[in-house]
Amino acid sequence: MSLNTDSPPPSPSEPPALNITHAQEAQQSDALQIASLLAGQFAAWNAKDIDGYMQVFWRSPLLVYVTEGSVWTGWDQVKATVERQYPEKNNMGHAVLERLQTNIVSPETATTIEWWTVYFPAAKVHGFSTSTWRKFPEGWRVIETHTSTLEVP
Numbered sequence: 001m002s003l004n005t006d007s008p009p010p011s012p013s014e015p016p017a018l019n020i021t022h023a024q025e026a027q028q029s030d031a032l033q034i035a036s037l038l039a040g041q042f043a044a045w046n047a048k049d050i051d052g053y054m055q056v057f058w059r060s061p062l063l064v065y066v067t068e069g070s071v072w073t074g075w076d077q078v079k080a081t082v083e084r085q086y087p088e089k090n091n092m093g094h095a096v097l098e099r100l101q102t103n104i105v106s107p108e109t110a111t112t113i114e115w116w117t118v119y120f121p122a123a124k125v126h127g128f129s130t131s132t133w134r135k136f137p138e139g140w141r142v143i144e145t146h147t148s149t150l151e152v153p
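Per the numbering used here, residue 1 is the first one in the sequence shown, and the count goes up by one each step.
Since the hints were made in silico from the structure, they are not lab data. Misleading hints may appear alongside valid ones.
[As the list claims (entries may be wrong)] With a straight-line Cα cutoff of 25 Å, these simulated BS3-like cross-link-like pairs (lysine-lysine) come out: (1) LYS79 / LYS48; (2) LYS124 / LYS89; (3) LYS79 / LYS124; (4) LYS89 / LYS135; (5) LYS89 / LYS48; (6) LYS48 / LYS124; (7) LYS135 / LYS124.
Can you make the complete structure from the sequences, with help from the hints?
Structure representation (structure tokens):
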């Protein structure tokens with residue numbers, strides 16, 4: 001093996017080349033998949049499609065959904081609760097995802113913080129949700145979520 005000592009060292013003013021690893025590419029891909037799922041969930045909400053809204057959630061009795069001091073366990077109970085809260089689907093408002101922070105914890109686990117606003121005819125509600133995601137053979141699903149809201153006059 002020979003070393004080439006004729007080439008000058010890199011200039012300190014030049015930034016080092018970025019080396020995107022396969023793991024970083026996978027994390028970026030996972031984050032984009034989750035962002036796409038959330039965009040679809042918000043689109044389903046705005047289309048008054050509760051079944052579509054529920055697609056991002058783990059279809060399991062172990063799903064945990066916490067909002068405003070209430071805890072619901074299980075996909076069936078969560079769906080029934082959402083349907084009960086919005087018997088008149090036109091009262092669901094228009095939801096806008098304003099900001100998303102995603103942390104890929106491992107190849108199978110991620111967390112998100114979603115900042116959003118729902119616009120109703122007489123009010124708007126700002127809120128955020130923190131969610132834990134798990135990657136299943138069918139894709140990423142929320143296994144636990146917590147939502148807090150603040151109504152703004």
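Outcome of the hint check:
1. Between LYS79 and LYS48 the CA atoms are separated by roughly 13 Å; this keeps the pair inside 25 Å, and the hint holds.
2. For the proposed pair LYS124 and LYS89, the alpha carbon gap of about 17 Å is at most 25 Å, so the pair holds.
3. Taking the CA atoms of LYS79 and LYS124, the gap is near 23 Å; set against the 25 Å cutoff, the hint holds.
4. Distance check on the hinted pair: LYS89 and LYS135 sit about 31 Å apart at the alpha-carbon level, beyond 25 Å; violated.
5. Distance hint between LYS89 and LYS48 is fulfilled; the C-alpha atoms sit about 6 Å from each other, no more than 25 Å.
6. Our distance criterion of 25 Å between C-alpha atoms is met by LYS48 and LYS124, whose separation comes to about 17 Å.
7. Under the criterion of a C-alpha separation no larger than 25 Å, the hint pairing LYS135 with LYS124 is inconsistent with the structure, at around 33 Å.
Violation of the numbered hints given earlier is confined to hints 4 and 7; the remaining hints are satisfied by the structure.
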